[in-house]
Every structure is written in C-alpha cells, then in structure tokens.
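Peer 1: Produce the entire structure from the sequences given, and follow the hints as far as they go.
Each protein sequence line maps, in turn, to chains F and V.
Counting from 0, one number per residue, gives the positions in the first sequence under numbering that gives the first Met the number 0.
Counting from 0, one number per residue, gives the positions in the second sequence under numbering that gives the first Met the number 0.
Rather than coming from a laboratory, the hints here were simulated on the basis of the structure.
Note that the structure is predicted; figures quoted are calculated from it, not measured.
Treat the hints loosely; a few may be bogus.
All copies of an identical chain are treated as equivalent in the list; a pair is satisfied when it fits inside any one copy or across any two copies.
Here are the simulated DMTMM-like cross-link-like pairs (lysine to aspartate or glutamate), alpha carbons at most 25 Å apart as the crow flies [claimed, not checked]:
id	residue 1	residue 2
1	K46	D216
2	K26	E139
3	K97	D167
4	K239	D167
5	K239	E131
6	K323	D42
7	K26	D294
8	K26	D89
9	K239	D195
10	K46	E274
11	K46	E224
12	K26	E131
13	K239	E32
Residues per chain are reported as follows:
Number of protein chains: 2
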Amino acid sequence: MAHTTDTHMFDSHLTIIEGAIADALAKAHLPPELAEPIAYTLDGGGKRLRPLLTVLAAEACGASPHRAAPLAAAIEILHNFTLVHDDIMDRSPLRRGKPTVYVRWDESTAILAGDTMMGIAYRLLSEHYDAETCRQLVAEFSAAFIEICIGQAEDIAFRYRPSVAMSDYTEMIARKTARLFATATASGAIVAGASDRTSQALRRFGHGLGMAFQIQDDVLDLFGEPQFGKQRGQDLREGKKTFIVLSLADRCSSARALLERYMHGEPIASDADIERIATLCRQCGVLEEAQTTIDSYLDDAIAAIRRELPPSPARDLLVAAAEKNRTRTL
Amino acid sequence: MAHTTDTHMFDSHLTIIEGAIADALAKAHLPPELAEPIAYTLDGGGKRLRPLLTVLAAEACGASPHRAAPLAAAIEILHNFTLVHDDIMDRSPLRRGKPTVYVRWDESTAILAGDTMMGIAYRLLSEHYDAETCRQLVAEFSAAFIEICIGQAEDIAFRYRPSVAMSDYTEMIARKTARLFATATASGAIVAGASDRTSQALRRFGHGLGMAFQIQDDVLDLFGEPQFGKQRGQDLREGKKTFIVLSLADRCSSARALLERYMHGEPIASDADIERIATLCRQCGVLEEAQTTIDSYLDDAIAAIRRELPPSPARDLLVAAAEKNRTRTL
Chain F
0 MAHTTDTHMF DSHLTIIEGA IADALAKAHL PPELAEPIAY TLDGGGKRLR
50 PLLTVLAAEA CGASPHRAAP LAAAIEILHN FTLVHDDIMD RSPLRRGKPT
100 VYVRWDESTA ILAGDTMMGI AYRLLSEHYD AETCRQLVAE FSAAFIEICI
150 GQAEDIAFRY RPSVAMSDYT EMIARKTARL FATATASGAI VAGASDRTSQ
200 ALRRFGHGLG MAFQIQDDVL DLFGEPQFGK QRGQDLREGK KTFIVLSLAD
250 RCSSARALLE RYMHGEPIAS DADIERIATL CRQCGVLEEA QTTIDSYLDD
300 AIAAIRRELP PSPARDLLVA AAEKNRTRTL
Chain V
0 MAHTTDTHMF DSHLTIIEGA IADALAKAHL PPELAEPIAY TLDGGGKRLR
50 PLLTVLAAEA CGASPHRAAP LAAAIEILHN FTLVHDDIMD RSPLRRGKPT
100 VYVRWDESTA ILAGDTMMGI AYRLLSEHYD AETCRQLVAE FSAAFIEICI
150 GQAEDIAFRY RPSVAMSDYT EMIARKTARL FATATASGAI VAGASDRTSQ
200 ALRRFGHGLG MAFQIQDDVL DLFGEPQFGK QRGQDLREGK KTFIVLSLAD
250 RCSSARALLE RYMHGEPIAS DADIERIATL CRQCGVLEEA QTTIDSYLDD
300 AIAAIRRELP PSPARDLLVA AAEKNRTRTL
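Peer 2: Listed below in structure tokens is the structure:
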C-alpha cells in the first residue's frame with residue numbers, strides 16, 4: 000500500500016520535472032544542430048534522481064513541487080551537461096545503452112551542446128525566482144559547478160598518481176558526485192525559504208546520499224549486473240582509482256603485486272585480471288567495507304533530516320530514496 | 000595630449016580589471032591541473048577590449064570603475080572560456096602566438112578548464128552585486144551565452160551549407176561575436192543602475208562595435224599583417240563562410256568557379272588560391288564593401304551613445320574604442 004502511494008507520488012513529481020525540462024528547452028529556440036543532441040541527452044533514460052531530491056527537499060520544507068520545478072530542471076540539465084563533457088574526457092562510447100553524444104555526433108557538437116545546457120540551466124534560475132532567491136541559487140550552483148570540475152580533474156589526475164589514499168578518494172567523490180546531490184537538496188530548501196539550519200540539514204542529507212551513491216557505483220562496476228552493454232570492470236579498464244581498488248590495496252597483501260602497475264596508471268586489460276580482482280575483493284572483505292561505509296553515510300544522511308524536519312510524506316520519500324541506495328543494483 | 004590622457008585612463012582601468020581577474024582566480028582555490036591552463040589562457044596577451052567596454056559603459060552611466068570591475072572580469076573570463084572551447088572545435092593550434100590549451104595540455108584539460116571558467120564567471124555575479132542586479136546580470140549572461148553557442152553552431156554548420164546568404168552571416172556573427180560586445184556594454188549600464196533606455200543605447204553601441212570588429216577580423220584574416228605565426232587566409236583554409244567569401248561570391252562572377260567547391264564545404268588548400276582570392280577581392284570591390292559596412296555599424300554605434308549619454312571622458316573613450324576598429328590592423 001505504502002509502496003503504491005510512493006510510486007504514485009514520484010510519478011506526479013516526475014511529470015512536473017519533465018514539463019519544466021521541456022519548457023526550458025523549447026524556450027531556448029535552438030537550431031537542430033544543438034536541439035537534437037540536447038534532447039537526446041535529456042531523454043536518454045536518466046532516473047531523474049537529483050531533480051526528484053530537489054522537489055522532495057522543497058516539499059519537505061513546505062514549498063509546492065511547482066515552485067521547485069524550474070530549479071529541479073536546472074539541476075537535471077546541469078547534471079546532464081557534466082555527463083556529456085565527462086563522456087568526451089573518459090572516451091566513454093555508451094551511456095544508458097546508447098552511443099554518447101560525441102560518438103553519435105562529434106566532439107564539437109558534444110562540447111557545444113554541453114555549454115548550451117549550462118546557459119539554459121542558469122537562465123532558469125534568473126527567470127523563475129525572485130532576485131534574492133536567484134542570487135542564492137546562482138551562488139550555490141557556481142560554487143558546486145567549480146567543485147564538480149575540480150573533482151573531475153582530480154579523478155583524471157589520480158589515474159597517474161600512485162599514492163592516492165582513501166581520504167583523497169573521499170574528497171574527490173565529495174566534489175565530483177556528492178556535491179551535486181548536496182546542491183540538489185540544499186537548493187530545494189532555498190526555494191522553500193527554509194532557515195539556514197534546515198538548508199544545512201538537507202545539504203548534509205544530499206552529501207551523504209551522494210557519497211553512498213558513488214561508492215555503490217564503484218561496487219556495481221565490478222559486482223553489479225552489467226547493464227546496457229556496459230562492460231564489467233569498466234572503471235578498472237579506464238585505470239580509475241575507485242573505492243574497490245583503494246580498499247583492496249589497503250586490506251589485501253596478496254593483491255599488491257596485481258595492483259602495483261595499476262596504481263602507477265596502467266589500466267587492467269584482461270578479463271582474467273578483472274576476475275582475479277573480484278575474487279580478492281570477496282576474500283579480503285572489500286565488499287563488507289564498502290557496505291559499512293555506505294551504511295554509515297546513509298545513516299548520517301537520514302538522521303540529519305529526521306532530526307531537523309517535521310515528519311511529512313516528502314520527508315518519508317527522501318528517506319526511502321536514501322534507503323534504496325543501501326542495496327542498489329542499478 | 001588627448002592621446003596621452005586616453006592611454007593613461009585605459010591603463011588605470013586595465014589595472015583594475017587585471018586585479019579583479021586575479022582575485023576571482025585566487026578565490027576559486029583550483030588545483031594546478033586547472034589553475035595552470037586557466038592562468039595561461041587569461042594571461043595570454045588578450046587586449047581586454049570587452050571588459051574595458053564594460054568598465055567604460057558603467058562609468059559613462061555614472062558608476063565607478065571599481066563597481067564594474069568584478070562584472071568586467073566575468074565578461075573577460077566568459078570570453079576566454081569561449082576561446083578555449085572554440086579552439087578545440089576549430090582545431091586551432093595557435094592563439095596569440097602560443098599553443099592553444101588543448102594542444103599544450105590535452106582536450107580533457109581544455110574542456111574542463113573552460114567549464115570551470117564559466118563557474119567562476121557566474122560566481123562573480125552572485126558575490127559582488129545586490130540581488131536584483133545579480134538577477135539581471137545572470138539573465139543577460141545566460142541569454143548571451145546561449146546565443147553565442149548558437150552562433151558557433153551556425154558558424155560550423157555553414158561550412159557545409161552551400162547556400163549561405165550574407166543575411167545568414169550577419170545573423171551568425173551577431174550571435175557569435177557581437178552579442179558578447181552588446182552584453183559587455185549593456186551589463187555595464189546595468190551595474191550603474193542606468194535606465195532601460197540608456198542600457199539599450201549601450202547595447203546598440205556594443206552590437207555595432209562587435210559587428211564591425213568581426214567583419215574587420217574577416218578582412219584581416221586575408222589582408223592583415225600575419226601575426227603571431229598565424230597563417231594568412233586561415234579562415235579560408237578552415238572552410239569558413241566569412242564576409243570576404245560571401246561578398247566575393249555575390250559581386251564577382253569570375254570568382255564563381257574558384258568558389259564553387261568551397262561553398263560546398265571544401266576548404267581552400269593552396270597558397271596560390273589564397274592569393275587568387277585576395278586579388279579578386281581587390282578587383283571586385285570586396286574591401287570597399289567591407290569598409291562601408293564597418294563604417295555603417297560604427298556610425299550607428301557611436302550615434303546611439305552620443306544621442307543618449309551626456310558627454311564625459313568615458314563616453315569619449317567608448318567612441319575612441321569604436322573609431323579604432325574602423326582601421327584596425329591587429
């Protein structure tokens with residue numbers, strides 16, 4: 000029963016979010032060279048997790064979903080902008096089972112489509128909110144945006160840096176991934192006119208959920224059901240310093256020889272080595288460490304909003320969204 | 000005497016602009032992977048024309064240069080962001096005599112450095128202005144930014160479109176080039192709290208100056224002193240539909256055979272063909288048409304501010320900046 004209500008509530012929120020995204024694109028009056036790759040990206044089957052968090056955060060602070068909708072659209076457009084540019088940098092051929100924009104069109108189109116999305120996201124903030132709210136949102140977006148870029152630069156730089164510690168990784172994913180989650184929830188509080196204290200609680204919630212989400216993502220790369228033609232161990236084949244790799248290097252002396260060259264920037268190339276790493280992860284407790292870490296971020300996230308926000312259906316849905324990431328399979 | 004005063008006035012403005020740019024970069028606390036390419040770009044010997052226009056526009060409307068400085072820095076950072084990304088798209092090896100960012104570092108760095116600059120530019124707007132001014136500036140920046148991206152997409156698409164008319168070109172450069180000039184001057188008026196009417200006059204000034212600037216740029220590509228190791232006729236070697244090419248195709252029947260394949264997307268490859276085109280331009284009055292068009296944009300630009308703004312040293316400097324573009328050689 001509760002499940003049915005939840006799903007229905009998500010559906011109506013999703014409809015509002017999709018409408019706001021479609022409005023923003025229509026209003027930009029783009030030529031087909033830009034409109035098509037941008038629509039392709041935004042219709043690409045994303046789960047709309049971040050904009051849902053924005054709408055729910057605003058609602059948990061007493062605002063209507065409609066008030067939060069343009070902001071939520073801006074969050075989703077900003078997120079997709081980073082994906083389009085990241086896919087070029089990571090040379091990723093596929094996203095959500097479809098060719099990435101730079102593959103389907105070309106690099107120029109992908110760069111320019113991403114840039115345009117950025118302009119559209121900021122325009123939403125200036126057109127739908129009063130001046131003071133707009134100023135706060137632009138400050139939040141810009142700070143987040145710079146942090147996301149720094150996080151992406153660190154992620155790239157880490158591949159060739161042998162001495163990446165777990166604490167470096169934690170800082171990097173806080174920027175690259177969790178910051179946008181934190182901005183999604185904190186800015187939801189901002190448009191609801193919430194107090195600083197409440198905004199901080201929602202920021203903390205978004206941060207914890209984002210951290211858990213990224214660690215789960217790292218685990219799923221090696222242990223999830225390969226989805227959409229994505230290769231198992233894609234991160235390892237790209238030489239990324241993920242939670243899995245750093246935890247394994249820390250915990251498992253028998254993995255050291257196998258990881259020695261990897262830590263210096265040489266990707267894992269063979270399926271056999273990928274399997275060997277997966278086996279060592281199971282033997283050395285890497286999965287347990289990941290789950291403990293995920294649980295601790297989620298517990299902190301949930302506690303932050305339970306402490307600060309009054310009970311409400313929206314707060315319950317935020318908690319449900321967090322709980323879903325405890326054992327995410329996709 | 001007047002010249003000395005002008006130079007001195009520009010110098011003090013330039014010092015203020017450089018200070019605002021340096022402050023913005025320092026405040027972003029970027030890791031070297033991003034700080035270095037961004038500093039390289041912003042220290043690359045740009046003339047700071049756009050931010051100078053911003054400061055002068057604000058001053059001509061009664062504001063202090065200091066008030067306009069963070070905005071001017073944002074304009075210059077936005078401009079340089081477009082250069083870093085455009086150079087990737089255009090495969091340009093050199094800018095201002097130095098290797099471009101994607102050549103000196105790599106494409107990922109150039110994409111990410113550009114993105115970061117965008118975040119820094121917007122942050123300046125939210126941190127240095129009151130809420131209502133910030134909202135207006137963000138609206139102006141975002142609309143401009145989207146137009147600039149559309150203009151760049153058109154510029155690329157035109158290369159393979161045989162039927163580009165002079166009016167298409169005019170619309171394209173209005174977006175790709177003149178819009179940022181118009182935003183530079185109009186936003187200067189905004190931070191000065193000028194009336195809509197005054198902002199419109201300054202927008203018109205920036206637009207006219209930007210149009211003249213781009214047509215002059217097209218002329219200089221073929222007839223200017225080759226600067227900084229840039230090849231003569233670079234635009235033609237990239238297959239661009241410039242003022243030169245479109246005017247020549249219109250006016251000069253003996254150029255038609257030479258331009259037939261060019262109009263369908265095949266760049267001019269040989270020095271001999273570049274020379275032939277230059278000769279035909281001289282014979283068929285292309286240079287005169289360019290000068291007439293430039294003069295008419297500049298006359299309109301200057302008239303717009305002479306009509307609307309009271310006489311002031313800043314207004315005189317705006318006029319001087321426009322006049323400089325009548326016969327620009329660099």
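Peer 1: Which constraints among the numbered hints does this structure fail? Numbers only, ascending.
Peer 2: Violated: hints 3, 5, 7, 8, 9 and 10.
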